[in-house]
Each structure stands twice: as C-alpha cells, then as structure tokens.
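Given next are the chains, with one letter for each unit.
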Amino acid sequence: MLIKKPSDISPSEITPRETYRDRRRFMQQMAGLGLGGVLMGATGTAVAGYGGKPLNFTPSTKYRVDEKPTPYEDVTTYNNFYEFGTDKASPARRAHTLEPRPWSVVVEGACAKPGRYDLEEILKPHPLEERIYRFRCVEGWSMVIPWVGFPLGDMLKRFEPTAAAKYVVFETLYDPEQFPNQRGRVLDWPYLEGLRMDEAMHPLSLMVVGLYGEVLPNQNGAPMRLMVPWKYGFKSIKSIAKIRFVEEMPTSTWMRANSREYGFYSNVNPRVDHPRWSQQSERRIGEWGRRKTLMFNGYGDEVAHLYSGMDLRKFF
Amino acid sequence: MNPRGVRYLKLILFVLSLTPALLLLEGALSDALGTNPVETLVRDTGQWTLRFLLITLLISPLRQLTGQSQLLRLRRMLGLFAFFYALLHLSLYIGLDKFLYWDEILNDILDRPFITIGMLAFVLLVPLAITSTDAMMRRLGRNWVKLHKLVYVIAVAGVVHFYMLVKADVTEPVIYGLILAVLLMFRLPAIKRWRPFRA
Ligand code: HEM
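Residue numbers (my numbering), protein chains in the order written: chain Y, 1 to 316; chain Z, 1001 to 1199.
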C-alpha cells in the first residue's frame, strides 16, 4: 500500500477550515485505511506522540484574531525546535522519540508550594480554552495559530510565588534519549527562557497543551509549552519540565548564545532591528508578499503598559 | 581526452548544472518547496552558488592530480554557473524575499554584515563574468589572470557570508570552509609543483 506523505495529501485535505472541522474524521478515515498509525506513529511525519487526540475546550471569544489560520500541516511541519535538529523539518521527522507521558514538572525557587508535580495534577483544575493568536518568529515569518490552553498566571498562582519572585524561569526537559540533538552542543542545554512576573501574569500569556482542538503534537512542544504572543517565538519555550521563581533577571539560552543579538524581553518590535533580520516586515506563511510587522505583534493595546517608560532599544 | 570528448562532457555538465535551477522552478510551480518556499528558494540558490564556486576551484587541482589539461576547458562554464546561481539568489532575495521593499533591502546591505559580505561577493563576481569571453581574455592578457584571482576572495566571502547567517549550528558552513581551505592549499607554490601523475 502506498503510504501518504503529508505533501501527498491533497490540498482540500489541508486547507485550514477543512482540517479544523474534519480533522477528526480525516484521522478516522486514515485509521480506517490503516494509515492512522503512520500519521500518528513512529514516522511522525504529520503528528507525533499523543498529538491528534481531541481535547475538550471552549473557544475564547475575546482572544481570537480575525485572520485566516495557518494550515495545520504547516504549523506541524515547519518548526524551530533545536532539540530535534536545527532545520525546520527535523522536529516533525524526529520528535517521535519524545514521550510526553508520564511527565512531571519541578517547581522551585521563591514560592510557597515547590515540589515535583505530575502533569495531570497541574492540568486538572484548569478549564481549557481555544485562542487564535498571531505567531511571529524572529527570523521574519509569521503564522496564525489556534492554540488550546489556559492562562499561565492561573497556574503560577497555585504555586504561591513569594514577594521575592520577580521573574519566572522555564526549562525544557533535558534528556538526550528523548531529545536527540541535545547530544550536540548547538545550544547550551537545557533550553531556558524567562518572563518578568507581570508579563507571566498577563492574561495573554498562555500555557498551551493543544493545537487545532487536539493534543499538542510532539514537534510543537508536547506536553506543555508557553505561548507569549507579543514576543518572538523563541520566548515561548516548549516541553516544559521546570519552573523556577527567582529574584534576578535570568539569562536565557539565546542570550547566552549571543547576547548582542538576543535580549531578555524580545518583544516583537518593527522599530528595533535584529542584527541579522530586519524586523520591519514579515512573511505570513502561505503568502508570497510581505506584511508590515505590528508593534508587539498587534497586542500593543493589551501589553504596551508593561513597558511604559522603558527604552525598548536598550531593553530589546 | 579528445576535443569531441570534451564537447560531450561539457554538454552533460551543462545539463547537470542547470538541473538544480529547473528542479527549483518545477518545485515552485507545483508548490512543492515546503511551508516557506521563498526561504527554500533563497537558501538553495545560495547553496548552489557556493557549490559552483567550489567546483570551479576544484578544476585546476584536478588537472594537477590527473594530468588532464583538457579539464581546464570546463572551468569557464562552471564559473559562469556560479554567477548564474548568484544572480538567481540575489534576484530571489530582492524580488521575493524582500518583495522589492527597497529601503529594507538597502538597510540590509548596509547594516547586516552577512548581507554586506554576500553583496561584496556578488559585486566581485560581475567583472569576472563580463571578462569571461575569449575576446576579453585576449585583450586583458596577463591582467586577466590577475583579475580572475578575485575568485578566491569571492569564495572566502561566500563561506563567511554563510557562517555569519546561521543562528547556532555552524557545521555546514564549517564544512564548506574546510573544503575551500583544501582547494586554496593547492594554490600554494610548494603544492603546485607536486605532480603525482608523473611519478
Ligand atoms: C557569491 C555570492 C553569494 C554566495 C556564495 C551566497 C551563499 C549563500 C549561502 C550558502 C546561503 C545559506 C543557504 C542555507 O542556509 O542553506 C545563503 C543565504 C542567504 N543569502 Fe547569500 N550568497 C551570496 C550572495 C548573496 C547576496 C548578494 C545577498 C543579498 C544581497 C544574499 C543574501 C542571502 C540571504 C538573505 C540568505 C538567507 C538567509 C536566511 O535564510 O536566514 N546572498 N547565501
């Protein structure tokens, strides 16, 4: 039997709305054809791990940009996830080694409830909602993605951060068995990111467990990732295994790799160029032309006040 | 090799050299270049520019090692293919990647060192392409040889351009750099005198 690669799937099957509404049916049909295992299983071309299982959620009415979502196939096959390789096709191909269950998250630092939490324990109290956010990569491309998750702040509050908690630090799991490219030294593993506490508590900051109404595929950062839509994509750390509350501003992985090019804030800002890429414009995936990049990725009304009085050229 | 053999070889090489461009065109027309086709186009043509520069630089060491002086007759075509891919690379960058946003392009060339260096490599390639005809060769005489030594600068600039543009994983540009270093070593006088085929 011929095995379909994602590129062989006819366009009608991957247009966003089609995929979105009919994806479950599509997966069932594929399963009926004996292809489901291929799509979801070891080859990991389309969906890896638990990705593809339907989730229960309510669509958010407040947080949904009115733009055409980027097709599911593009969102799941064009990823920067250096733990699986530095080119964008690697994660979809290699992320099947990641085992998103069982999963635990270590919480430590300036909080009243530190400890090792099972993922289910973390997720249980939070109703899931779907939000459609713009996603802007520092490399100058962008997408529109329907995420499923819950407000990061709601989760952080449960750990009762103390007054000393000025920043929150996140780490990706370090396990070369699951993340084969951690054997190399392209970056200083484990991947580390952080937010100022008020950024983390901002209602736009989302803990993500799903995509297009379904469990997050491995290559998108299963089982749980961050999504901070007004910052460049690399801030939104994937496969989180550690959360730490700290007093001092942390040095993120990319700052350590190149402090001249990557700052702590990394807010989307068309007026502050990255030395490598102009940030004035961007290519929306699926479009040939370029669009002007929006200040704070279009979320300025909500978040600009977080940075009032700050020189954003200095604190880039 | 007799002249006829060389002509056939040239024809085959011409078709082979054009193939990557045709495949890219076919891919672009059939929407088979992945999620970000513009990125694929710019990157692949950049890679092919560098590869053709290195292949061109391989010819004279190859002649030295094999004693086949006819090989030199392939060099001009390969060099012109390097220019062809560089022109494609630059045009795709301007026309598709930046979509003719001239102020951004100008900014890129002036402010972004990796693009400045790429542009330098391209600008230096232009006179080499223009002076690649027999008539020009005759007219310039010794100076032609001197002028075309610029290809070393161009190749180094190409590798540096690549090295500077990768975000974290420098493996690929380093491999290109090592290959280039070996090719440049053949230009050292001591190695140039080495004639294994006569031994
Ligand atoms: C002889 C001249 C040149 C050579 C050998 C060359 C080579 C390359 C190579 C090898 C790459 C990387 C491909 C990859 O990532 O797989 C590249 C990328 C690139 N080059 Fe060039 N290049 C040249 C000239 C130029 C010029 C003149 C410009 C623009 C003015 C330019 C702009 C770019 C851009 C924008 C990228 C893509 C960067 C990215 O995707 O992040 N290059 N080039």
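The hints are simulated quantities; they were obtained by calculation from the structure and are not laboratory data. Just so you know, these numbers come straight off a predicted model, no measurement behind them. Every residue, glycine too, gets a C-beta built ideally from N, C-alpha and C. Mixed in with the good hints, there may be bad ones.
Unchecked claim - Straight-line Cα separation of at most 20 Å, DMTMM-like style, residue types lysine to aspartate or glutamate; simulated pairs:
| hint | chain 1 | residue 1 | chain 2 | residue 2 |
| --- | --- | --- | --- | --- |
| 1 | Z | 1010 | Z | 1169 |
| 2 | Z | 1167 | Y | 273 |
| 3 | Y | 157 | Y | 247 |
| 4 | Y | 88 | Z | 1044 |
What the hints assert, rightly or not - Facing chain Y, according to a computed beta carbon distance under 8 Å, are these residues of chain Z, among others:
| hint | residue |
| --- | --- |
| 5 | 1003 |
| 6 | 1099 |
| 7 | 1112 |
| 8 | 1116 |
Stated by the list, open to error - A short list of chain Z residues far from chain Y (calculated; beta carbon distances all over 10 Å):
| hint | residue |
| --- | --- |
| 9 | 1061 |
| 10 | 1096 |
| 11 | 1101 |
| 12 | 1102 |
| 13 | 1126 |
| 14 | 1130 |
| 15 | 1141 |
| 16 | 1166 |
| 17 | 1173 |
| 18 | 1178 |
| 19 | 1185 |
Here is what the structure says about each hint:
no.	hint	in the structure
1	Z:1010 to Z:1169	36 Å, violated
2	Z:1167 to Y:273	16 Å, holds
3	Y:157 to Y:247	16 Å, holds
4	Y:88 to Z:1044	14 Å, holds
5	1003	44 Å, violated
6	1099	5 Å, holds
7	1112	6 Å, holds
8	1116	12 Å, violated
9	1061	31 Å, holds
10	1096	7 Å, violated
11	1101	6 Å, violated
12	1102	12 Å, holds
13	1126	25 Å, holds
14	1130	31 Å, holds
15	1141	43 Å, holds
16	1166	8 Å, violated
17	1173	12 Å, holds
18	1178	18 Å, holds
19	1185	28 Å, holds
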